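Enquirer: Chain residues, written in single-letter form:
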Amino acid sequence: MTASAIHIEGVTKRFRDKVAVNDLHLDVPEGSLCGFLGPNGAGKTTTIRMVMSIFYPDAGKLSVLGKSTAIESKDRIGYLPEERGVYRKMKVVDFLTYLGNLKGLSGKDLSKRIDDWLEKVELPEVRKKKCQELSKGMQQKIQFLAAVIHDPDLIILDEPFSGLDPVNARLLRRLITELHDEGRTIIFSTHVLFSAEQLCDRVFMINKGKKVLDGTIDQIRAEFDPKTVVVEPMGDGSSNGQLFGRVEGVPGVRSVITTDESGVLEAHLEEGADPQQIMQTIMNGGPVRRVELRRATLEDVFVQLVDPGDSEDILREQLSGAGGDSEEASDA
Amino acid sequence: MRKVLVTATREFKSTFLTPAFLVATFLIPVVFYVILGFALGSGILEGDQEGAEGTVAVIDRTPGESVVDNLEAYFVPEYQEKRREERILRNIARAKAANPLGDAIPTSDEQLRQIAETAVAPVAQVSVERLPADTDPDSFRDRILSGDILALYVFPEDIVEDESAVVRFELFATQRLKDQIADQLVDGAQEAVVGERYAVAQIDREQVRQISLRPRSDRITITESGVAESGDNAEIIFPLASIMILMIAIFTGSGYLLMSTVEEKSSRVMELLLSGISPVELMTGKILGQAFVGFSVLAVYGGFGLLAAQQFDMLELITPLTLVLLSAYFLIGYFMYAAIFAAIGSSVNEMREAQAMQGPVFGVAFLFIYLGIFAAMQDANSLVTKIISFVPPATPFVMSMRVGNPADPPPMWEVGATLVVGIVSTVVLVWASAKIFRIGVLMYGKPPTLKGLVKMLGQA
Numbered sequence: 004m005t006a007s008a009i010h011i012e013g014v015t016k017r018f019r020d021k022v023a024v025n026d027l028h029l030d031v032p033e034g035s036l037c038g039f040l041g042p043n044g045a046g047k048t049t050t051i052r053m054v055m056s057i058f059y060p061d062a063g064k065l066s067v068l069g070k071s072t073a074i075e076s077k078d079r080i081g082y083l084p085e086e087r088g089v090y091r092k093m094k095v096v097d098f099l100t101y102l103g104n105l106k107g108l109s110g111k112d113l114s115k116r117i118d119d120w121l122e123k124v125e126l127p128e129v130r131k132k133k134c135q136e137l138s139k140g141m142q143q144k145i146q147f148l149a150a151v152i153h154d155p156d157l158i159i160l161d162e163p164f165s166g167l168d169p170v171n172a173r174l175l176r177r178l179i180t181e182l183h184d185e186g187r188t189i190i191f192s193t194h195v196l197f198s199a200e201q202l203c204d205r206v207f208m209i210n211k212g213k214k215v216l217d218g219t220i221d222q223i224r225a226e227f228d229p230k231t232v233v234v235e236p237m238g239d240g241s242s243n244g245q246l247f248g249r250v251e252g253v254p255g256v257r258s259v260i261t262t263d264e265s266g267v268l269e270a271h272l273e274e275g276a277d278p279q280q281i282m283q284t285i286m287n288g289g290p291v292r293r294v295e296l297r298r299a300t301l302e303d304v305f306v307q308l309v310d311p312g313d314s315e316d317i318l319r320e321q322l323s324g325a326g327g328d329s330e331e332a333s334d335a
Numbered sequence: 003m004r005k006v007l008v009t010a011t012r013e014f015k016s017t018f019l020t021p022a023f024l025v026a027t028f029l030i031p032v033v034f035y036v037i038l039g040f041a042l043g044s045g046i047l048e049g050d051q052e053g054a055e056g057t058v059a060v061i062d063r064t065p066g067e068s069v070v071d072n073l074e075a076y077f078v079p080e081y082q083e084k085r086r087e088e089r090i091l092r093n094i095a096r097a098k099a100a101n102p103l104g105d106a107i108p109t110s111d112e113q114l115r116q117i118a119e120t121a122v123a124p125v126a127q128v129s130v131e132r133l134p135a136d137t138d139p140d141s142f143r144d145r146i147l148s149g150d151i152l153a154l155y156v157f158p159e160d161i162v163e164d165e166s167a168v169v170r171f172e173l174f175a176t177q178r179l180k181d182q183i184a185d186q187l188v189d190g191a192q193e194a195v196v197g198e199r200y201a202v203a204q205i206d207r208e209q210v211r212q213i214s215l216r217p218r219s220d221r222i223t224i225t226e227s228g229v230a231e232s233g234d235n236a237e238i239i240f241p242l243a244s245i246m247i248l249m250i251a252i253f254t255g256s257g258y259l260l261m262s263t264v265e266e267k268s269s270r271v272m273e274l275l276l277s278g279i280s281p282v283e284l285m286t287g288k289i290l291g292q293a294f295v296g297f298s299v300l301a302v303y304g305g306f307g308l309l310a311a312q313q314f315d316m317l318e319l320i321t322p323l324t325l326v327l328l329s330a331y332f333l334i335g336y337f338m339y340a341a342i343f344a345a346i347g348s349s350v351n352e353m354r355e356a357q358a359m360q361g362p363v364f365g366v367a368f369l370f371i372y373l374g375i376f377a378a379m380q381d382a383n384s385l386v387t388k389i390i391s392f393v394p395p396a397t398p399f400v401m402s403m404r405v406g407n408p409a410d411p412p413p414m415w416e417v418g419a420t421l422v423v424g425i426v427s428t429v430v431l432v433w434a435s436a437k438i439f440r441i442g443v444l445m446y447g448k449p450p451t452l453k454g455l456v457k458m459l460g461q462a
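Protein sequence lines correspond, in order, to chains A and B. Take any residue in the first sequence, count from 1 to its spot, add 3: that is its number in this note's numbering. Take any residue in the second sequence, count from 1 to its spot, add 2: that is its number in this note's numbering.
Chain A with its partners taken away, still in its complex shape (with noise of 0.2 angstroms):
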């Protein structure tokens, strides 16, 4: 069985009043890299900051790395908070040698170390800069090398991609992808579910603070499964209509829809009905452009979980309407 870098049992944090984590079990394999997943406000930060020991939790226990709290292995963690700066005035290579500091690195290592990050974040011209000098993309490139500089062992990445052009998302994809391959756990929180499912071997969820979906995504895929055929029409539309009445009377469909004017068709499935014998029996009754039977995507997933109700802006109001405790409105 592997070990857990992150085990979270029971963990519940308040802020006055309002849950902002309720009874939270989760477990972080080591080696994995995982996808935080949930709506805004749902407590992703707030768990991340009770990882870090940020934030204490009011009930439950948490180990990091098999340590009880994060400030007994901090040197051994890196974090790129969702709340991020730099000081505008210091210059890169002093800000990251100050972090590297704090990590406990220091001299020619980590002055050798800050030169080969740069040079793979494509950014070795800046070392000498001042940080306020730099684009909010290179900022954030330098914010990422101060969480990694010092080779941790388990790096927790709070929505990494904001913020970054398509370019550098990818930058940073192949970046985490390399640090993974090196036997690295990581985690990160997105709301860029196409970077999560490409990226992560394990996701998991949570919505308004109880966790919500947990596992690899074979295993998510297999959970929630579409049972969807689509079939693209082969001609000009003209006989589009007479293979809508094709597949709606095959056996094991249980309704049809026309997905957008060219005509594709989305046929969903009845339960325990065999997709292969449908596709075969739909490309048996007349030539068609593609069938294919659908894959679930994250977004699916995050759409079927979360209530529209849950998203941001209902929390937050919930919120605020709590006398204004601004860190309750940071922290969802």
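Think of the hints as simulated: they come from the structure by calculation, not from any bench. Treat the hints with care, since some could be wrong.
[As the list claims (entries may be wrong)] Cβ-Cβ distance ranges computed for the label pairs, FRET-style:
| id | chain 1 | residue 1 | chain 2 | residue 2 | range |
| --- | --- | --- | --- | --- | --- |
| 1 | B | Met414 | A | Lys115 | 51 to 61 angstroms |
| 2 | A | Asp154 | B | Met414 | 55 to 65 angstroms |
| 3 | B | Ala22 | A | Lys115 | 28 to 38 angstroms |
| 4 | A | His28 | B | Ala22 | 52 to 62 angstroms |
| 5 | A | Gln135 | B | Met414 | 45 to 55 angstroms |
| 6 | A | Lys115 | B | Leu7 | 19 to 29 angstroms |
[Claimed, not checked] With a cut-off of at most 20 angstroms between alpha-carbon atoms, the simulated PhoX-like pairs for lysine-lysine come out as follows:
| id | chain 1 | residue 1 | chain 2 | residue 2 |
| --- | --- | --- | --- | --- |
| 7 | A | Lys111 | A | Lys123 |
| 8 | A | Lys133 | A | Lys94 |
| 9 | A | Lys115 | A | Lys132 |
| 10 | A | Lys115 | A | Lys94 |
| 11 | A | Lys123 | A | Lys94 |
| 12 | A | Lys21 | B | Lys15 |
| 13 | A | Lys131 | B | Lys15 |
| 14 | A | Lys64 | A | Lys214 |
| 15 | A | Lys92 | A | Lys131 |
| 16 | A | Lys132 | B | Lys15 |
| 17 | A | Lys139 | A | Lys92 |
| 18 | A | Lys21 | A | Lys139 |
| 19 | A | Lys94 | B | Lys15 |
| 20 | B | Lys15 | A | Lys92 |
| 21 | A | Lys64 | A | Lys94 |
| 22 | A | Lys133 | B | Lys15 |
| 23 | A | Lys213 | A | Lys64 |
| 24 | A | Lys132 | A | Lys94 |
Bear in mind the structure is a predicted one, so any value in this text is a computation, not a measurement. C-beta: ideal position from N, C-alpha, C; glycine also.
Assemble the complex: chain A is given as a structure, and chain B must be docked to it using the hints.
Expert: Using the frame of chain A, we list chain B on its own:
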């Protein structure tokens, strides 16, 4: 501990080693100290001097017209030259005494003389035109207006005999006549009248002057380390200097602490830091780093104070115990206010909010501090002074005044008791501040009220 030291070092370097800090904290006071001391001594601040030039007309109605004779004698160039030389020598002597760095800034006598000369008006070149006693001053209006004569004196008949303060002479001149020149003309006339009074009374004026010279006192203050000539103002100068230096050092360090905490919050770098260091370690490091800043300021300003004391032969009044106690009160004061400012800095989002929150704190603190200062200046060991010495926000300042007063120091039991009160209060404040800091550093949005801060103490 390593992380605390890393933070303290960064905090110290980022504050201390900036050109703005070095200039504001060290260079400006040095330049100010030297220039002001020198300028005040030499009289250079009095501006460019101008000597009277031209003719003055005199209507002398005194019997025998003796005043005008004296006035003529007064404006004789040789006499004017002699008076000017006396003033220059006096200014040189004052400048030498006022130079706070003594021989540290070598200045030749010639240079000193050049500076001193600028502060003394050139020799007046005035000729006196005597007019008949019955001349109507109005008839001279045109000559005065045309600038033909500089001014017209009219001395009344009784100006020599009447020694009351109400007796006056008249000086007619245009508005163009500068005050500086008018002063010289008035000075000459007054000298002439007074000189004549001495002559009429047949009294030797120089002898009277000599007899009237009041003896000066050399006040000798006795301290445990010996005796020293302290002049008349040691009991005021030392306490005020002590409290000023302490205030500068304490509020420089704690002020920068507030700014750097607010900066780390507003730039959102705080949580990144907290990934490597706990909030309490961070706060401790920041407070220690700025303590070194404050202590450096204390050392430099205190150093200047010692130099000045040496210059005025008062160094012996400052005992090693005084320096130790001042350092102890500095540490208490610094940590007390640093704890308060760290708590404020951690719970606000920008400097404007910090200043608003500082207001009530400063209001209460300075009420006691000023009360203590005034009470201690009146009587360093009065009951009011003693009571305020035990009010924690005022303790370091009032006690620094009291231990800095060589003439009337506080009893040792009070020193010990106030140190205990100061240390206990500081420990409580640092403990409370750490609790607020831990929650405050990650709190954004509307800043808490004072009540909110108190609630945080229960949450942390």
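Enquirer: Determine for every hint whether it applies to the structure shown.
Expert: Hints, verified against the model:
1. Checked against the given bound of 51 to 61 angstroms, the beta carbons of Met414 (chain B) and Lys115 (chain A), roughly 58 angstroms apart, stay inside it.
2. Checked against the hint of 55 to 65 angstroms, the pair Asp154 (chain A) and Met414 (chain B) passes, with Cβ atoms roughly 57 angstroms apart.
3. In this structure, Ala22 (chain B) and Lys115 (chain A) meet the distance hint of 28 to 38 angstroms, their C-beta atoms being roughly 33 angstroms apart.
4. Roughly 53 angstroms separates the CB atoms of His28 (chain A) and Ala22 (chain B), a value that falls within the hinted 52 to 62 angstroms.
5. Taking the beta carbon of each, Gln135 (chain A) and Met414 (chain B) are about 54 angstroms apart, inside 45 to 55 angstroms as hinted.
6. Evaluation of the 19 to 29 angstroms hint for Lys115 (chain A) and Leu7 (chain B) yields a pass: the beta carbon distance comes to about 23 angstroms.
7. Restraint check: the Cα-Cα separation between Lys111 (chain A) and Lys123 (chain A) comes to about 18 angstroms, which is no more than 20 angstroms; the hinted pair holds.
8. For the suggested pair Lys133 (chain A) and Lys94 (chain A), the alpha carbons sit about 4 angstroms apart, so the restraint of at most 20 angstroms is met.
9. Annotation: proposed proximity of Lys115 (chain A) to Lys132 (chain A) holds, straight-line Cα distance about 17 angstroms (limit 20 angstroms).
10. About 16 angstroms separates the Cα atoms of Lys115 (chain A) and Lys94 (chain A), which keeps this hinted pair within 20 angstroms; it holds.
11. For the hint linking Lys123 (chain A) to Lys94 (chain A), the alpha-carbon distance of about 19 angstroms falls within 20 angstroms, and the restraint holds.
12. Taken as a hint, the Lys21 (chain A) and Lys15 (chain B) pair is broken in the structure, with Cα atoms around 42 angstroms apart against an allowance of 20 angstroms.
13. With a C-alpha separation of about 17 angstroms, the suggested pairing of Lys131 (chain A) with Lys15 (chain B) holds against the 20 angstroms cut-off.
14. The hinted pair formed by Lys64 (chain A) and Lys214 (chain A) meets the criterion: a straight-line CA distance of about 16 angstroms does not exceed 20 angstroms.
15. At most 20 angstroms may separate the alpha-carbon atoms for a hinted pair to count; Lys92 (chain A) and Lys131 (chain A) meet this at roughly 11 angstroms.
16. For the given pair, Lys132 (chain A) sits about 18 angstroms from Lys15 (chain B) by alpha-carbon distance, which is consistent with the 20 angstroms threshold.
17. As the CA atoms of Lys139 (chain A) and Lys92 (chain A) are separated by approximately 15 angstroms, the hinted pair is consistent with the 20 angstroms bound.
18. For the given pair, Lys21 (chain A) sits about 34 angstroms from Lys139 (chain A) by alpha-carbon distance, which is inconsistent with the 20 angstroms threshold.
19. A hinted pair counts as satisfied when its Cα atoms are at most 20 angstroms apart, and Lys94 (chain A) with Lys15 (chain B) qualifies at roughly 13 angstroms.
20. The straight-line distance between the Cα atoms of Lys15 (chain B) and Lys92 (chain A) is roughly 13 angstroms, inside the 20 angstroms bound, and the hint therefore holds.
21. Under the criterion of a C-alpha separation no larger than 20 angstroms, the hint pairing Lys64 (chain A) with Lys94 (chain A) is inconsistent with the structure, at around 40 angstroms.
22. A threshold of 20 angstroms between alpha carbons decides the hint, and for Lys133 (chain A) with Lys15 (chain B) the separation of about 16 angstroms falls inside it, so the pair holds.
23. With a C-alpha separation of about 15 angstroms, the suggested pairing of Lys213 (chain A) with Lys64 (chain A) holds against the 20 angstroms cut-off.
24. As the CA atoms of Lys132 (chain A) and Lys94 (chain A) are separated by approximately 5 angstroms, the hinted pair is consistent with the 20 angstroms bound.
The earlier numbered hints that this structure contradicts are 12, 18 and 21.
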